[in-house]
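Asker: Sequence:
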Amino acid sequence: MKKVLANWGNYPKITGDEFSFQFEQEIKALVESKEGIIARGNGRCYGDASLGDHVMSTLKYDKIIEFDTATGLLHCQAGVTLSEILDIITPRGWFLPVTPGTKYITVGGALASDVHGKNHHVEGSFSNHVLSFDLLTAEGNRIEVSPEAEPELFGATAGGMGLTGIILSVRFRLKAIESCYIQQKQIKARNLDEIFALFEAYQDYTYSMSWIDCFKSGKDLGRSILIVGEHAIPEALSSKIKSPLELPKKGQMSMPFNLPSFVLNKLSIKAFNFLYYQKNYKKEMDAIVPYDAFFYPLDAILQWNRMYGKAGFLQYQFVLPMETSKSGLTEILNRINKKGLGSFLAVLKQFGEQESLISFPMKGFTLALDFPIRKGLLPFLDELDKVVLDMGGRLYLSKDSRMHSDMFWKTYDNAEKFRSIIQKYNPEYKFQSTQSKRLTIT
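Residue numbers (our numbering): 1039 to 1480.
The hints are simulated quantities; they were obtained by calculation from the structure and are not laboratory data.
Derived lysine-lysine pairs resembling DSSO-like cross-links, with alpha carbons at most 30 Å apart: (1) K1448 with K1424; (2) K1141 with K1226; (3) K1098 with K1141; (4) K1141 with K1066; (5) K1041 with K1051; (6) K1475 with K1141; (7) K1278 with K1288; (8) K1278 with K1213; (9) K1141 with K1288; (10) K1424 with K1376; (11) K1321 with K1257; (12) K1317 with K1376; (13) K1413 with K1448; (14) K1072 with K1040; (15) K1317 with K1278; (16) K1364 with K1321; (17) K1475 with K1401; (18) K1066 with K1051; (19) K1226 with K1377; (20) K1141 with K1051.
Construct the complete structure from the given sequences, taking the supplied hints into account.
Answerer: Structure below.
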């Protein structure tokens, strides 16, 4: 039965079928009987990468197959969420090797997007910690894929947006921790020059990111707060914390309805930015915080995407190579400021080296911006695309919902090789999405 489907940005909305499965034979039967299939986890990829004519929900395929508490090796089905994994592994002294800004994504989605986190400059993306995964191909074959045994297929699946097949299960390494807390440092930066200097000064920290005020211009362009952190050791914790590997239970708020579209406007975003910057009443502030507050601040509000209204929003995330990062960010922030389309959330991170076929990261800086859907937004983002293209950058497929096909083919150097591998394992494009058709990948 057809239904309206959308991912986290609530844009675009499409009409398609959605199926779920609990057993491998069920998904094999569905793959055999359907065309135009795409796997979908928890729908947190913002755009249309996991939308299509026939959406295969992995959420019921959610078993932990093996967890070696001595070595930190985890094997789980693709529909398990990071939140569910964290509940199991952190009390036993382990943490995710890489995590994005939400824990409500599935492991299959993490691999298909090859997610990155605040530690990419030190520890790479999710696929760098994956030992192998099981993939169901268009011909109904189950293949165990590893970087050693199947490097071609591994590279096209990590960051490949589900176009090589259905990810069934993933084996990956965890990170040992001594507590569920983060030793956090926040440093104010007056402008873009200062925040770049701070990123360099604190580059040895495992985790780093910066919030940016998009509405500042002139000498204050790029006014921001750098946030860095390390996993805290028990000795650094308050004596009130009796169980370092357990967090106190906290309730969650929820956005009960879509806010009216006028609520998020230039004045309200400016006010939020002012208050957020001023809450750091000193140049530098130190604190020990639970990992949830450090990695997943927005997860504290369920359905926070509703604050952008019924029309939804776009997340525009790009990366620029190191040599053009400062000039490119200056140009883009100036354009945003001039247009008056400031982003409520603007997060800057540094990427390290990444050798991959189709994954998003490259050595340089990435900025993620949230824009409510409104008149004039799409043409404006086309203008930003030209800046990103001229600066040698690219857009993140997992966040994309409107990129033009030529932008993809010009900015992803291995696009032709990627498509040739898809054609090898998915020859008639049984697996395809709204995004893959828009970008003429399938």
